[in-house]
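**Student:** Please build the complete structure, drawing on both the sequences and the hints.
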Amino acid sequence: MREKIQQIKDTKAFQSLITSVIALVISLLLGAVIISLSGYSPVESYKAILGFSLGTKNGIALSLSQATPIMFTGLAVAIAYKVKMINTGAEGQLYVGAIAAAVAGAYITFLPRAVHIPAAMLCGFMAGGLAALFVAFLKVRFGAGEVITSLMLNQVLILFTSYLANGPLKPDGSSLPQTEMVQETARLTRLIPKTQLTTALLVAVITAFILHFILTRTAYGYEMKATGLNVDAAKTAGIHVSGIYLRTFFISGAIAGLCGASMALGTNHRFVEGFSVNYGFAGISVAALAAYNPLGVILSAFLFGVLKAGSITLNRTTAVPMEFVDVIQVLVVILVAAPTLIRTLTRPFSVLAKGGK
Amino acid sequence: MTLIRMSGITKRYPGTVALDRVDFHLKEGEIVSLLGENGAGKTTLMKVLYGMTIPEEGDVFYKEEKVRMRKPTDAIEMGICMVHQHFMLVPAFTVTENIVVGSEPHKGIFLDLEQSKKEVGELIKKFGFHISPDTEVEKLSVGEQQRVEILKALYRKADVIILDEPTAVLTPTEVDELFEILRTLKKEGKSIILITHKLKETIAIADRVVILRDGKLIKDNVDPAQASVESLSEMMVGRHVDLSVRRPAKEIGEVCLHVKDLCVTEDGQDKLKQINLDVHRGEILGIAGIEGNGQTQLIEALTGLRKPQRMTLDLDGTAVSGSADVFLKRKIAHIPEDRLKLGLVKELSIRDNLILGYHREPDFCNKYSLLKRSYIRQYTKKLKERFLVKAPSVETAISSLSGGNQQKVVIARAFSRDPDALIIAHPTRGVDIGAMEYIHQQMTRLRDSGKAILLISADLDEVRVLSDRILVLYEGEIVRESMPGELNEVQLGLLMTGAKSALEKGV
Amino acid sequence: MGNISNLAYIVLVSTLRMSVPLILAATGGAFSIRCGVSDLGCEGMMIAGAFFGMLGSYITGNPWLGLVSAMLFGAVFSMIHAVMHVTYRVNATISGMCVNLLGTAITPLLLQVIWGIRGKSVQVAAFSALNLEWMKKIPVIGRMMAAQNIIFYLTIVLVVLGWMFLFKTTAGLRMRMVSENPQAASTVGINVTGYKYFGVMMSGVFCGLGGAYLSLGQMNMFIDGMTSGRGYIAVVINAFGRFNPLGALAGSIFFGFFDSLQTVFQGSVIPTQWMMMLPYILTLAVISVGLRKSRSPAGVGKHHD
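Chains as they are written, first to last, in numbering that gives the first Met the number 0: chain G, 0 to 356; chain A, 0 to 506; chain C, 0 to 304.
Careful: at least some of the hints might be erroneous.
[What the hints assert, rightly or not] Distance condition first, Cα-Cα at most 25 angstroms in a straight line; then the derived DMTMM-like pairs of lysine to aspartate or glutamate: (1) K234/G / D266/A; (2) K224/G / D362/A; (3) K330/A / D231/G; (4) K167/C / E118/A; (5) K167/C / E121/A.
[Unchecked claim] Residues from chain G that face chain A, not an exhaustive set, calculated with beta carbons under 8 angstroms: (6) F109; (7) P117; (8) A118; (9) R216; (10) T217; (11) Y219; (12) L228; (13) N229; (14) K234; (15) G237; (16) H239; (17) G242.
[To be verified] Derived coverage of chain A by chain C (criterion: at least 3 residues anywhere in the stretch with Cβ under 8 angstroms from a Cβ of chain C; other residues may be distant): (18) 67–77; (19) 96–110.
Just so you know, these hints were derived from the structure itself, not from any lab. Cβ atoms here follow ideal geometry from the backbone N, Cα and C, with glycine treated the same way.
**Tutor:** See the structure below:
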């Protein structure tokens with residue numbers, strides 16, 4: 000029995016799980032430090048967060064609805080990282096996804112719901128995918144690193160959608176930078192009435208399972224893993240790595256596009272300028288905490304959703320600013336990226352633990 | 000005078016003892032050859048002397064005084080310099096910059112380039128090295144680069160120069176030039192330690208031979224004049240090894256792989272010029288040549304990894320063209336020249352690596368692209384046993400395996416798919432002697448089952464032992480074909496350096 | 000005729016002003032690459048510089064001390080990158096992005112915590128254009144030169160000093176060797192880790208200074224997200240300029256020109272968003288077409304053991 004436990008302990012999967020858990024705990028502790036340095040009580044704050052987010056019906060709904068967009072972007076970042084590409088462009092991809100879905104939702108009037116929703120979501124999917132495909136093309140054809148090109152494209156796409164929402168797509172007589180409302184037939188159903196929680200959550204979870212299936216059971220997933228871990232060996236083995244980069248990054252961008260689409264069709268029922276609260280970058284934290292594992296993203300997105308929902312209430316009841324959750328998110332990424340750093344930080348604790356025996 | 004004395008040096012790494020109470024000494028003005036197999040501990044011992052590794056136990060004495068070397072600068076200050084196997088040079092810097100960096104002549108914080116050039120120029124002249132101080136190192140030949148490395152040691156006024164596998168990348172002629180330099184240095188009063196596993200060269204140049212095996216000192220006073228290649232290798236390996244037994248082909252059949260007019264141009268240079276070769280079934284065709292003469296381009300063209308400018312390639316009479324996966328499907332297998340870089344994904348398991356390249360074949364993958372996981376598990380388990388891969392299970396990651404076992408995985412993968420032709424490059428590089436024997440056996444067995452094998456190796460001994468026919472590749476051209484026994488090692492070496500005319504003159 | 004020369008004048012003045020933060024950040028990037036570490040963290044270090052520069056000026060009332068504070072905190076942020084990548088061997092792209100994410104997340108938090116406001120800070124003491132009479136009298140370029148603030152001239156000096164350090168001193172030679180072949184450098188006794196930390200720290204100082212120019216030179220306050228991707232543009236300029244401060248200078252002026260067009264054309268027929276897009280589109284174009292030619296030092300991202 001002890002041997003079996005030791006065997007499990009030795010697997011990479013278990014070790015990343017431990018790393019992620021410790022990273023989260025340390026980040027929360029550091030968050031507590033930040034809160035108390037700002038003059039507030041960390042204990043009260045965390046109690047308020049958990050109490051609301053997990054204790055009340057509205058809280059749970061808010062947690063889940065906050066988790067949904069970052070689950071999408073987390074999946075986008077995770078799948079791209081499987082081929083060692085870093086998708087920093089999720090923000091721009093979700094913006095074009097949102098506007099594409101909003102347009103399809105608003106201006107098509109003759110479709111029944113069962114067709115309209117998938118069609119509009121598909122528009123968002125394709126828009127995000129094409130944006131990412133452009134970046135991947137630059138990488139494959141010109142060797143341009145995707146990190147900076149995605150970031151530059153982010154700015155271009157966000158400005159472009161802003162132009163559309165302020166100009167051509169703005170409804171007559173409206174003064175706000177947003178598009179027409181989408182048709183009834185394109186609106187996502189709310190899972191819990193009077194909350195922001197929609198069926199988008201189910202779409203996200205299903206997407207996670209589909210990605211997991213692809214990675215573990217298909218030849219394509221095998222090629223993705225090989226390409227990500229050793230691209231030269233993959234090429235020598237006859238794998239068409241350019242195709243893998245293009246297809247995988249397309250999928251990544253498309254999932255980010257779905258994020259925008261679900262916000263436009265579900266939450267806002269239109270495209271609104273600036274609707275994304277850094278969902279794209281939050282996806283990086285979500286993916287990192289999940290060790291870039293699609294199923295792990297479901298859990299990690301939920302955790303961050305809880306924190307995010309809690310921080311919104313926190314701002315109402317205490318004066319702790321909402322932004323501290325963003326800082327905790329970044330701390331998680333830093334700590335997960337440096338497992339040896341975690342070992343250094345936790346050495347005093349493990350020494351204590353051993354000494355205790 | 001005993002210049003250096005090391006006593007009781009012990010160095011442990013997690014899981015192994017690299018050095019076990021080793022003693023070593025060096026007298027002034029002598030050339031000592033430190034001989035041993037891969038992993039015997041020779042490089043580790045010298046790293047201790049050079050300050051790059053700190054031993055757990057043992058003392059080092061320099062000029063009879065006990066010294067403690069913590070970093071390379073300590074050793075350099077004392078006059079001990081190392082010329083590394085993989086040159087520690089900056090290709091983009093000039094010869095002068097490479098030599099002086101770290102000990103630069105300076106005016107305040109500014110580099111004194113004039114003074115540097117002057118000092119380096121004087122040194123080059125004194126030892127007759129024939130290189131220009133202003134050339135960028137990337138433009139120099141391998142032999143010239145090695146001279147820059149030696150100059151680094153001489154610039155720092157080294158009394159002891161350690162050379163780590165200096166002849167690994169040199170042609171036979173360049174080796175002779177190097178040995179001339181070493182003899183000159185000896186006359187100047189320098190002492191030299193040569194780390195090597197090349198037996199013939201040891202006998203040629205060393206005054207004394209020290210033999211290490213598995214981290215232990217075996218003998219430290221072998222007289223090369225009395226020794227032979229056989230006696231040295233027995234001491235190195237601990238048993239009688241005969242790698243020089245040729246196993247001639249039983250039956251050479253039809254032409255299997257037919258290559259005509261293969262031309263490859265890269266960066267404006269012709270890397271391969273109209274290569275024609277034929278590999279018959281039941282034959283091992285060996286390509287001898289120094290690295291960098293077109294081997295890589297040849298391998299890439301024949302495995303689909305590169306589209307040549309021109310090529311006609313037939314397998315059993317039918318044309319082959321396309322990308323690497325096409326070649327694999329057409330049963331042209333490939334053992335790549337760098338197994339960790341090109342042949343294996345070290346983070347993945349043996350199981351995953353054993354289907355790499357073949358993962359879309361019908362027995363591993365159904366028509367919906369789903370992997371047949373349980374079949375793969377069974378198949379790879381049997382394969383691991385059949386090819387004697389030493390590892391706890393088929394799920395073990397490649398990174399935990401030794402070089403020899405890693406290479407066995409690559410071989411198992413290619414051989415088990417029943418290829419018609421096999422392109423195999425540097426098969427036993429970095430592989431221990433036991434695995435080397437096994438791999439040679441497997442290759443011979445494959446050949447005898449009627450397959451065509453193209454062997455590319457920089458190890459001339461390996462080429463001569465395994466090949467039924469040898470082609471010498473020099474600057475992208477096949478300069479000569481040699482039947483077994485036709486040309487000896489020196490002659491082949493000359494051809495490898497392009498000295499075709501010298502050969503014809505009967506030098 | 001007068002209108003065109005007036006317009007040209009405005010554009011040139013604006014170009015020089017817009018290019019300063021890019022010059023500084025790209026030079027910082029050069030220091031980073033020239034010690035073998037990727038310069039991706041420029042954006043985070045810049046925004047840290049912008050914020051803490053403003054904070055320094057706020058606390059002391061003196062913009063010069065604000066600059067000092069910016070350089071200090073730029074260095075602090077750069078140390079995060081250094082510790083993660085050099086000591087803990089994290090992939091430099093990831094550690095650089097962590098610095099960027101941290102800068103973007105922590106600055107609005109601090110705005111909230113210190114002043115309880117969101118979006119932008121209070122106004123602080125800043126630098127203004129020199130407007131020296133003697134300078135204005137210089138023919139042709141006099142008025143342009145006088146319209147710059149002191150940081151512009153400081154930048155020119157720093158670029159020259161930076162270039163001299165990298166290419167004329169022994170320390171510079173050693174640092175460049177670290178960026179080309181860290182293993183070889185360690186065998187001749189060069190302290191590879193030390194030089195990497197130094198190079199990264201200098202990049203933090205320069206990027207911080209570049210960010211401070213935004214909050215203390217171009218404006219007199221900190222605005223959330225005011226760097227708007229300039230740090231990333233600096234990374235591209237650095238590659239474009241052959242990882243060399245002089246190249247950074249030239250490249251930044253080129254980009255600064257496009258950046259300045261948006262201030263000039265504001266409120267005209269072309270919608271602002273399109274003008275704002277120009278620097279980013281230009282960056283994309285440069286990356287796709289131009290970058291192939293510049294070869295970065297061979298040892299970037301490598302460690303010495």
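**Student:** A separate judgement is required for each hint: does it hold in the structure or not?
**Tutor:** Hints, one by one, checked against the model:
| no. | hint | result |
| --- | --- | --- |
| 1 | K234/G / D266/A | holds (21 angstroms) |
| 2 | K224/G / D362/A | holds (20 angstroms) |
| 3 | K330/A / D231/G | holds (21 angstroms) |
| 4 | K167/C / E118/A | holds (18 angstroms) |
| 5 | K167/C / E121/A | holds (23 angstroms) |
| 6 | F109 | violated (35 angstroms) |
| 7 | P117 | violated (23 angstroms) |
| 8 | A118 | violated (26 angstroms) |
| 9 | R216 | holds (6 angstroms) |
| 10 | T217 | holds (5 angstroms) |
| 11 | Y219 | holds (6 angstroms) |
| 12 | L228 | holds (5 angstroms) |
| 13 | N229 | holds (4 angstroms) |
| 14 | K234 | holds (7 angstroms) |
| 15 | G237 | holds (3 angstroms) |
| 16 | H239 | holds (7 angstroms) |
| 17 | G242 | violated (11 angstroms) |
| 18 | 67–77 | holds (count 4) |
| 19 | 96–110 | holds (count 9) |
Hint compliance for this structure: hints 6, 7, 8 and 17 are not met, and every other hint is.
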